[in-house]
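Can you make the complete structure from the sequences, with help from the hints?
Listed below, chain by chain, are the residues.
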Amino acid sequence: MRVAFQLNGKPVETEVEPGMNVLEFLRSLGVFSVKHGCDHGECGSCTVLVDDKPQNACLMLMGTLDGERIETLEGLNARRRMELMQAAFLDEGAIQCGYCTPAMLLALESLLRANPKPDEAAIREVFSGIYCRCTGYVKPMVAAKKVALGEVDG
Amino acid sequence: MNSSPEKVLERVGKITRRVDGTALAKGKPVFADDIHLPEMLHLKILRSPHAHARIREIRTEKALKISGVVLILTHKDFPVHYFTTAGQGYPEPSPRDIRILDETVRYVGDRVVVVAAETLAAAEAGLAAIEVDYDILPANFDPEKAQEGNPVLHPETGKIDIHDAAHNVASQLEASLGDIQQGFEESEWVFEGRYSTPYAQQAHIEPHITLTWMDADERLVIRTSTQVPFHVRRIVAEVLDYPMRNIRVIKPRVGGAFGGKQEILNEELCAAVTLRTGRPARLEFTRAEELYAARSRHPQIVLFKIGVNADYTLNAIDMDILENCGAYGPHALTVMSVTAQKALTLYRSPHVHVRGQAVYTNLSVAGAYRGYGAPQGFFALESIMDEIAHALTIDPIEFRHKNYVTTGEDVPIAKILGEGREGFPVVIESTGMRECLEEGKKLIDWELLRTAEKSGPERRGVGVACAAQGSGIAGIDMGAVFIKMNEDASFNLLLGATDLGTGSDTALAQIAAEVLEVPVENILVYSSDTDMTPFDTGAYASSTTYISGGAVKKAAEKLKARILEQGLILLKEESGRIDNGLVLGSNGGRISYQEICTRSFYTENQTQLMATASHMSYDSPPPFNATFADVTVDVETGLVRVNKIVSVTDAGQVINPHMAAGQVEGAIPQSLGMALSEFMIFDDTGTPVNTSFRDYHIFTAIDMPEIVTRFIHTHEPTGPFGAKAVAEIPINGPAVAVTNAIFNACGVRIRNLPVTPDKILLKFTEPDL
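These protein sequence lines are chains L and U, in that order. So the first sequence is numbered by our numbering: it starts at 70 and just counts up by one. So the second sequence is numbered by our numbering: it starts at 708 and just counts up by one.
Every clue listed holds true.
Computed list of lysine-lysine pairs in DSS-like fashion (alpha-carbon distance at most 25 Å, straight line): (1) U:1161 x U:1351; (2) U:735 x L:215; (3) U:1109 x U:1149; (4) U:1351 x L:215; (5) U:783 x U:772; (6) U:1149 x U:1161; (7) U:721 x L:215; (8) L:214 x U:1351; (9) L:122 x L:214; (10) L:214 x U:721; (11) U:1351 x U:1148; (12) L:215 x L:122; (13) U:735 x L:79; (14) L:122 x L:79; (15) U:866 x U:783; (16) U:1279 x U:1265; (17) U:1191 x U:1265; (18) L:122 x U:735; (19) U:714 x U:1267; (20) U:1191 x U:1279; (21) U:1470 x U:1012.
Calculated directly from the structure, the hints in this document are not laboratory data.
Have a look at this one:
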């Protein structure tokens, strides 16, 4: 089937197997920041933003993408707020292996779009969809709180 | 505590951004799977549905007719050759009991067939079309019955280093110090306890993933997410009988490993397909495969019998370990050795005896997992220490103060045990154990929580656990380094050491920068590529900072001496010194690193300034840790909530404070998982039940208690800039600190992990006091 959607601000129109999942499709395009972790929408490594909301790409079928607006880290890297978040993650030691980092950043970006001044509970809630096995979420929480409080030096 | 005799450190001990951090933060394609290879084949493994069976026939005709299926490999395609999947030093101390593909399957999940196809979907369709006839064999799932030999899992001749195949004993150890019987007879009190820990999973988020291809020179390239690239090269060369010189192993960024990738689990299959087809191949595990068909923490049953003197010092420790290795024995002996060696290093006792047996069962295969046997040992040891303190009505912290080893003490049992073979003398050169306990006691509010009223449905309690670990494997681990200078005073640091996400590339860059007196940004790290970097045994046993860091320090010091020598030649001076990127001659001449290197390349006394070094150590200084847990037990529901964990560590000189704290913060939820939410369940046919993250629950952001980490500064004279290891030590304490806190809260003693509500409720009606 034919689907048309927006990926990182650019229109994409493509012929796909409707049952192909979005994770597989994005990675086939070289959108490698979207990671495979668990196959079942549990770990959140494959998080993408769909109309500003974090979604597990491994659970989305290509057939459902028509008309949607998809964002990944590749499309946000040059944005000011993303740079500040990345700086906070780097300065606070919030990145260890870095496999879940793109997903965490997208989840936080999504939260900040809806709520520019989130409290700790709101950050914890949005991070709860992203599994991290390295950090215990301690330093990612510190970095995210710093971003939320506008305390990052870019 | 020891004082630091070294000069003021400017790069070591400072918060530094990760050298690989920007690429990771931007989601750059730096992991194994982040490349596209033309004409790549996708591999899938057909796994046994039976816990023990002999394959009568495999019919592949239908599968081969499926469009896109290119190659199917079975046991008939590989000669009978036994090896171990454990990525360890050579010759490996693990039994050689496994084949690439075998005609007997020994657990649900054992490999049967490999399908290579043009697409993943075609490979999966191929898998579904393969028909296998099995003769079902009896199976045993109980490690306590394994030695009955019904069935014998490994009767085949040709398997090497199985301790007693007829009784399913993969490995055995026994060691003695003093006279254990006499020790008990002399003791004022004798206590006994039996403790057990379950299968637990490393659960690195990046699954095992390998890509292989032939390069332009017809050499096999293996790009793989591994902790042990040099062991991958050696083992693949051996099992495929392919020349080592024609293999290059590249370790890109690794998405977590925790021991799970100290194993050769898919590299040789990918390589076999590439060698047979000439085409690139890719094999990635599903999460289900990770959970039941990769590796896990060895379940252990540990019995302690401890004799205590009237002054509360320990007089005799008898330890008995029964380790379940599952169907094969990778790491069987060495994990058990570490269980014994680390636990028996912590407290002095004149009489010690330990016996350990690692047995085969028809269950998932255990292997290396952060802590490597020590978490099991400390769960038992720190449980019984808590029980003794309670029975003798002495404060658990005071009891420990009377017993842990201190600076200058010899630990004779550690030498006797070693790791897989007799070790080397162990003398404690640095310990901050007392300060760890005292600092943690304040941070957790010990007195208040311990003595608070314990009544009502919600009861709060506090627990403590001490732990030791090592820093590398004494006399075995070796790391090597090559460092060369560039004209702009940058340095390429080429390391065999393998950064798995721990940040070791950064820590090692800090060590090089400290010696060379340049900013950390001047150190360009390239690690773990068997063609490009020198050898390293790999990232395991808490070895990288201590062992590879030792090599970095040596190489940087050699290079610094060369820079000084060359600088003085260029200055035409006899003597001088280096100060912050300048060579200063005694007669007033000065020349920058940049000028020294540039003139050395192009104009005068021409040379490449460079150095190499290797480092091995007969010491493996233990880092020490005290972990405290503050918990609330709901005695009506049996639910346990961990409110706070305080973890105080003596890791010697900390190289990078953020990264060291990060190791502790990441280890805590792994241990809490083993205590509270992570355990594998098998049904009565040996089939794993919880094979997804939905059913195997690792801690998420909302499950986390408050975490407080602190470091006690000591100086380890044998470590680079005084450093000891930090990666594993913090995983040993949290689980048992929690069970000790549960006891303090409500009087229920959990001796068998995991803690589940039914155990609290059941025991609450009959408190085990």
